[in-house]
Amino acid sequence: MLWLYLHLPSLLLDHHRSDDVPVALSTGTPPVIQQPDEQARQAGIQAGQSMATARALCPQLALIPFSDARQAELLEQLATALYQLASPLALWPPDGLLIHADRLRHLYPQPQDLATVLAQHLSQHGLNGHMATGTSPRMARLLARHGSAVCTDDPETMHHALRRLPVTATDWPARVRQRLTRMGLQHLEDLLACCPAELTTRLGPELYEDLQRILGRSGDPVQEFHPPATFHQSLALTRETRNTDHLKAPLSHLLEALEAFLRQRQCRCDRLSLTLHHPDRAPTSLELETSRGEIRAEAFLELALLRLAATRLPDDVNALSLATERTVALDATESRDLFDSGGGHQSARETLLYRLRARLGRDSIQSPGRNPDPRPERCAHWQPARERGTSTPPRSGPARPFWLQQPPKPLQHPPVRWLNGPERIQGGWWDGDYVRRDYYIALLDNGQRAWLFRNQQDQWFIHGWFG
Amino acid sequence: MSVHPRTQLEQDPRLWRASQQKTGHSQGVASGFEALDQLLATSGWPQGALIECHSALNGIGELQLFAHAMRQCVRNETALFWVDPPHAPYPPALEGMGLPPEHCFLVRTGSRSDHLWALEQLLGNNAVGMVMGWSRRRDPAALRRLQLALEERRTLGVLITPETGTSQASPAPMRLSLEAVPGANQLRVTLLRQRGGQAGSRTLTLPPVIPRQTV
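Heads up: the protein sequence lines correspond to chains Y and D, in order. Residues 1 to 467 in my numbering are what the first sequence spells out, letter by letter. Residues 1 to 215 in my numbering are what the second sequence spells out, letter by letter.
Hints were generated in silico from the structure; no laboratory data involved. A portion of the hints provided could be inaccurate.
To be verified - Computed footprint of chain Y on chain D; a stretch qualifies when at least three of its residues, placed anywhere within it, have a C-beta under 8 Å from a C-beta of chain Y:
#1 29 to 42
#2 52 to 65
#3 84 to 90
#4 177 to 188
#5 193 to 202
Claimed, not checked - Examples of chain Y residues toward chain D, derived with CB under 7 Å:
#6 R349
#7 Q412
#8 V416
#9 W418
#10 P422
Quick caveat, the model's predicted, so the values are computed rather than measured. Ideal Cβ placement from N, Cα and C applies to all residues, glycine included.
Let the sequences and hints guide you as you build the complete structure.
Shown next as structure tokens:
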């Protein structure tokens, strides 16, 4: 068995690192520096320093509180990205990934090849990592954490490196390590030279069993990692802002991750939820919809910016999160081909409708609908537009006004000329709103062509105008 | 150095030449009224030029004027958008005019900036065949923006505004003023200005409001 362990000593710090500001992680109460980055270290910041000291040494230092949840999220993101490159892999929280190198032999004949690919990915994403191989998961982990860059499939070399590993570099409890050092057992080889029965009686059976696991002589179950089926990522902003221009860069970063996610799965997303987190307020949630499902980050970005421009943010934003609400499988014919052929008017119209909807709101774009009711005010309505309207057969019948006056207005002056009528409309006995009206079309004294009716009480009303 | 006065005159951009008049029929959509088509330089409503239409009242036949163009637009499978009309168009009447519901869209905006944004988006989009917009206020700067969006497109853009301000300058290439003829089923169309053509006035007899035929 061959395992490769990837140790990420500064995952959270690397994520927050920027070129212009020194960054450090803080932890505990009262907070102390946990991990400074290279720039901060040059300014004299060290782990364990108090906030006051750190601020005095470097006033522009950006402090990020360490968060277990965030670290776990980042580890999972990295695993998702590496899933394409090195598939049977497992998370080893808080800061490691274990790759089953044996099962990748057909892709990477030598462990060194795998290590090169991984190192390339890490440097592309600005991450620091140490890698080592081992014949057991624990062995690979101990070697990687110690920083011995063993990358080979030769068991002898790995065992040799393990034997030279200091006892202090193991992950045993501090009490045990201290005891071993006091006993004069400096390296693992000293420990291995001891008689097993002696070790068990002096240090307990757990240590001996653990040693067997490290050597790969007893099994160590590993739970394989599989990327989640839906996309959910969040991004903390270094500076709180409510300016749309400042939100654009982090947003496009998230959307690019989404694009990669969708491309990997060969699917499109037609509904997306973007959540803007505020420091002391309930988050603002925005829904983005696209016409036929979209993959491209720039198309999502355009919609998101339109949506943001139409939204009043109640407070500054300190984090963004993005989740897919619905994804659809990409048709084989729809994949990005050489000739990027658009669907003509129909798709251009759908894109336009979604753009309008993103800024004006979902219900602002309406299309006509029809109800089976004889009463003019109830027989038709406007409803939120659908993407693809269904065509209905044209209806024939008496003329109807273009503008319907709702509610009807009492007629003030008698019309100057009658053009058509009467037409009796009655109905509504089934819901208690019975109407019986005689409709006429007439020319009013101001030149308007009106739709008039006389009700049962002989009162006259204007119910619409012919435009 | 002296410049010949005639050359100077020829280079003056304010000079309009009768030879520059567009005679092609490609850019116009017939209005359905022969008398009006004869007056219009493009033998119909011009595409890609904002039509500013002043009308004090609704229901005097202002839509009849454009009904033929609307039908032409849906026949080409392009969409017809109604932006902020004074009342919601009545769907049975749309059907009666031969406008199938799948091509008609009503856009309601909440603010002036959204209204202009929506108009600009629609006028600059090739999927849109015709835009009927209603603006409560005239704003020459906004009209200029809309005209720029519409330029070089094959979209018909009609903006109906209240009659106030007809004397003000406007960046719209075509301006009309509509008036009902009292007592007669007629509409007086005054063409205040048009690109490449003369101003003029016509009185049109509106088609009678009769029981509809199946289209």
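Structure-based check of each hint:
| no. | hint | in the structure |
| --- | --- | --- |
| 1 | 29 to 42 | violated (count 0) |
| 2 | 52 to 65 | holds (count 8) |
| 3 | 84 to 90 | holds (count 6) |
| 4 | 177 to 188 | holds (count 7) |
| 5 | 193 to 202 | violated (count 0) |
| 6 | R349 | 4 Å, holds |
| 7 | Q412 | 15 Å, violated |
| 8 | V416 | 5 Å, holds |
| 9 | W418 | 11 Å, violated |
| 10 | P422 | 13 Å, violated |
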